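If you read the sequences in order, they're chains A and B.
At position 140 of the first sequence (counting the first as 1) the number is 140 in our numbering, and the numbers step up by one without a gap.
At position 251 of the second sequence (counting the first as 1) the number is 1251 in our numbering, and the numbers step up by one without a gap.
Keep in mind that the hints were calculated from the coordinates and are not lab data.
Quick caveat, the model's predicted, so the values are computed rather than measured.
Think of the CB as a built atom: it goes at the ideal place given N, C-alpha and C, for glycine as much as any other residue.
Heads up, a few of these hints could be off.
Only some residues are given here: those of chain B computed to face chain A with a beta carbon under 7 angstroms [as the list claims (entries may be wrong)]: (1) Gly1274; (2) Tyr1276; (3) Leu1333; (4) Val1335.
Chain B stretches covered by chain A per the calculated footprint, using a threshold of three residues with CB under 8 angstroms from any CB of chain A [to be verified]: (5) 1036-1050; (6) 1121-1132; (7) 1146-1156; (8) 1171-1177; (9) 1190-1204; (10) 1208-1219.
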Amino acid sequence: MTGVLERRAEGSAGPTPPVTMAGALNAALADSLAADDRVVVFGEDVGVLGGVFRVTDGLARRFGENRVFDTPLAESAIVGTAIGMAMNGLVPVVEMQFDAFAYPAFEQVVSHLAKMRNRTRGSVQLPIVIRIPYGGGIGGVEHHSDSSEAYYTATPGLRVVTPGTPADAYRLLRQAISCPDPVVFLEPKRRYWAKETTSLSVDGPGIDRAVIRRSGRDVTLITYGGTVATALDTAEAAGGEGWDVEVVDLRSLAPFDDATVTESVRRTGRAVVVHEAPSFGGYGAEVVARLTEQCFHHLEAPILRVAGFDIPYPPPKLEQHHLPSVDRILDAIARLQWDDRPEVGRA
Amino acid sequence: MTTAVPPAVAGLLPTANPVGLIAPDGTRTGCDDPSLPDVDILRELYRGMVVGRRLDAQCTALTKQGRLAVYPSSRGQEACEVGAVLALRDQDWLFPTYRDSVAVLQRGVDPVEALSLLRGDWHCGYDPYRHRVAPQCTPLATNALHAVGLACAAVLKGEDTVALVLLGDGATSEGDTSEALNVAGVRRAPVVFLVQNNGYAISVPLAKQTAAPALAYRGVGYGLPSVLVDGNDAAAVHAVVRAAVDRAATGGGPTLIEALTYRVEPHTNADDAGRYRDEAEVAYWLQRDPIVRLGAYLRTTGALDPAAQAAIEAEAEAAAADLRARTAEDAPLDVDDLFAFVYADAPPTLLAQRALLHAELADGEAGG
Ligand SMILES: Cc1ncc(C[n+]2csc(CCOP(=O)(O)OP(=O)(O)O)c2C)c(N)n1
Ligand SMILES: [Mg+2]
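Let the hints inform the model, and build the full structure from the sequences given.
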């Protein structure tokens, strides 16, 4: 199966046009709907409007109102009915319009979606995908910029994944839809319009794997979702300062790919974890704890975190102070006790 | 055998046709229950709607100039925004949504303070206690429960306070709406629920929201008397909200009001309404404009002469000019605010983060 965008490209003789993350997600939904008639897509404004970010654009027209439809405005109802549908053999892919508007569904997610397999000793499985545009950086007013990943990663039974690039958005979403476990699929909304020249394919790293986006010798930046691009920009800038930076894109926040991440950190001996969510009790705390347990004797410095402040997400005109920036990550790299190894990095 | 509706139920049901006092052509309808508000109130309603619409248009214009991050217009819904607020007494509370900036202004909140949210300066730019206006609420229907709680507290404290909560048609689908109606009914809370049914929740039409004959019928299941009103008739909205406020204030409990109106503009300036509705529908509703209607009634009854009309329009222009002038420059923002209000006293962890930000900013200045 090829994506709609690829198919469009196949017809023309020219090079593959760049694809946005939103376009890649749209293609993944279209291809999943075409490949498996158990797949249904529903949520608020996903039908004729095509979603507020246009991720479901054209799907209702192409697959009909029985496969792609608008629901009444009720997130608990969306997830709760998805659970019932999945119990009866469907594969629901539902949309929460924004991160903070998923909270009314929280009980259905944590008390039922996450636990059903375990409660029924494996009898009832819920292959549901909950798509959630998440994170800040788009100048959104309150409740439109939350990084809510830790609420979900703290809940055993849920897979939590987030793509950092358009190609991976396609791959991960298709993998999520064919996964037998429930998946919280976090879409970094500020990267929706990021473009990549790529062909869309489901092949590649599996749903539970982290990938090394850029190899480097001196320090590992560990990140995911919206800050993957920030980390790659930081790596470029760090080159000018004499640091050879490796960037690991986690992709799967839960479960965690210990093998890929520890291999990198053991090699470089230094690491910084980057995310937008507040640092206190945030996802990075788990990453640092695991790496400390598993890489302690390889570490040249404590693992640092660059994260949002421990505050409610700021209003649009102040959000730039909150978001991890290239400079803030470079500052953290500079604090990784390079003086002990004067031959590396800034003196 | 006929199945008569028991009187206890019939007393809760809305009328089959929406309550209307002034018809779209500006003539008086035959309805006398509720009675037409006094002419002074009618003039106030007209004035509020004209000024409100002008400010609303100014806000939409400000989005185009990048002075507002986003603006959800209430153009066409002025009869609800103004009619409901004018029915409140000073001691009452308003629980508005993101859509209800005009209602917030009508309550007396300074426009620049009210627009802090939409300029992207701060989440709530006014002190809710000053005018008894809760922060404009974005998570749908959550404000309904706050209104119920505030009203219950008023009863416990022996205060004469009524809470008016504004909801959209889409918001009625959220569980919180049902929970709020139920708690209010059980506790006979002095609350008025006003649902502005403007036809859409972003792109989703009412038909996909409910199978009920009308949203007003949602009240009966919770024991709430329910009213269906022409939401583009400011006189009628004012009269039914006023009656509900009076009943709530005298121990009669909550009321659910559904006002039939229409969202003339897209959901926000960022929305593309052409994707889901056609112009003919908008044109139909423009014919039922709340301002034109009340203006026509006032003029034909001699209650609004050209001089008074001109004075109101001048007031609206002046308000818009004042808003333009006061939003022409970015408001000065203090990064310390990021840390100042998270807790009653900022803990050391936050003070350390604040210090880090200060150091970065000083560094940036020194470097740049
Ligand atoms: C809990 C929640 N879910 C989703 C949203 C996103 N959202 C914002 S406005 C809106 C439509 C609301 O429609 P309605 O209640 O009819 O009010 P209107 O915008 O028409 O005034 C939606 C879905 C939200 N704000 N809160
Ligand atoms: Mg609506």
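TODO: Could you tell me which of the hints above the structure violates, numbers in ascending order?
DONE: Going through the list in order, the structure violates hints 1, 5, 7 and respects the others.
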